[in-house]
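J.: Sequence positions in the sequence shown follow my numbering and run 19 to 497.
By construction, these hints were calculated from the structure, which means they are not laboratory data.
Beta carbons are placed, not taken as given, at the ideal position from N, Cα and C, and that holds for glycine.
Among the hints, a few may not be true.
What follows is a list of derived Cβ distance ranges for each label pair [to be verified]:
1) 383 <-> 304: 45 to 53 Å
2) 231 <-> 352: 50 to 58 Å
3) 81 <-> 49: 44 to 52 Å
4) 320 <-> 437: 23 to 31 Å
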Amino acid sequence: MSLTPASYRHRLPLSLSVAAVVTAVSMALALGLQTLDNLREDQGRNALRLGHAMSEILVQALLHDDVWLAYSLLRGPEKDAADATWILIDAGQRIFASNRPERFRLDQSLEAALPWLPVAAFSPDAPAPALVRSIEPQDDGTRRVLRLTLASEGGPVGELIALLSDRPFLARFREILVGGVLVTAAVLAVLLPAGWLWGRRMASPLMQLAACMARVGTEDARQLRCKIPESDSEIGQLGRQFSAMLAALAEKDALEQQMLQAERLAAVGRVAAGVAHEVNNPLGGMLMAIDTYRQGQVLDARTARLLDLIDRALQQIRGSVSALLVEARGDSRSLAPTDLDDVRTLIQPKLARSSVNVAWSIGLVSAVDLPAAPVRQLLLNLFLNAIEAAEPGGAVRVEVGTEGAHLAVRVENSGRPIPAEQLAHLFEPYPEQRPHAQGLGLWICYQIASQLGGRIQVASSAERTCFQVALPLGTEEVS
């Protein structure tokens, strides 16, 4: 099983937290090692200064063979507080004095006491300079050696050796290290939560974008709403591009839906027209036969009533079938402002019974090159439909005017919105999902708009429902 979190929701905060821990620990280690190195350098410098300070007296002790003087000087005021082991060597490479006499005995050869130390530290002709050299750690903890040549009247008389180890300042180093660890822990106590929160904040836009992308393809792009943060960063740019992609997908889906609806309505129209023609042919023959029978026979009252009943039934069938054959013929007169006045007059009885408030906005001041009869029928159907949908006490607004090379008709009403599942079948004849509809009003409006080369659209929300029709001026009937 992989231990690496797959989601940036955890990976990014964890990475920042790990980076903070690694940085803090690395800095603590670096400071600790630097402190240890500084302590070692301070020890070496102090030993070198002390060695130079004692050198003149130690030379006199060697010349006068005064072992006690040399021992007293090397031991110092506090015997057990010395930071280094001091060894005074005479010209014969033998121990003359030491502040650790129990270990480095008097008159012991240097080679026997310190077998790992080179014997030839100086020559009579060229005394070696005083240097602190690092060596391999010895069993007694010695890590560095100071060798100071003692000379009198131009010639070496002995050598002062200091064995330096880390033991004298380890306690101080531990105190410094513990203090550094506590400071590092305090810093991490602040950095870890801050880094985690910062990482979560950085990953949040990516998580929102990923959640939104997961919904693409499973939900309607037109209904998809995503809260994408806006910023000038790369994530913000990605969010803007994703929003643009969603808008393009929504537009594509809307166009596809319109095309499918137009194709479906066209197919329904063709089928309805074919059925109507097929029914009208035998229907006309039956009506003609009844009329011929009436003219050639003397009918009794019962037969006459029966023929009248059959005639009315056939006429009713003809009326229903003819309603499916919408033909916006272009041979009628042009649409004029008086036609709109006629529509207002025809609608008054319906308005009186419905108590709907109507607002008119008529921008047509002269006749336009559109057939009057179908446009009147379209406007009347939309008006009646709006009054029915507005319910008593509602409001209806009608706007008619020219916009460029089109006649624009806008009919808006208050009332309950049209459900989304009904909008897809709104312009079909006798839609089953509209139980209170009469069946052919909007179908006729769609057919008229299509045959005149225009378009009809509907938008419905909680506040209003609006039908918009655009009819091109001066165009012939579209078959």
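J.: Determine for every hint whether it applies to the structure shown.
T.: Structure-based check of all given hints:
no., hint, in the structure
1, 383 <-> 304: 45 to 53 Å, "holds, 49 Å"
2, 231 <-> 352: 50 to 58 Å, "holds, 54 Å"
3, 81 <-> 49: 44 to 52 Å, "holds, 48 Å"
4, 320 <-> 437: 23 to 31 Å, "violated, 52 Å"
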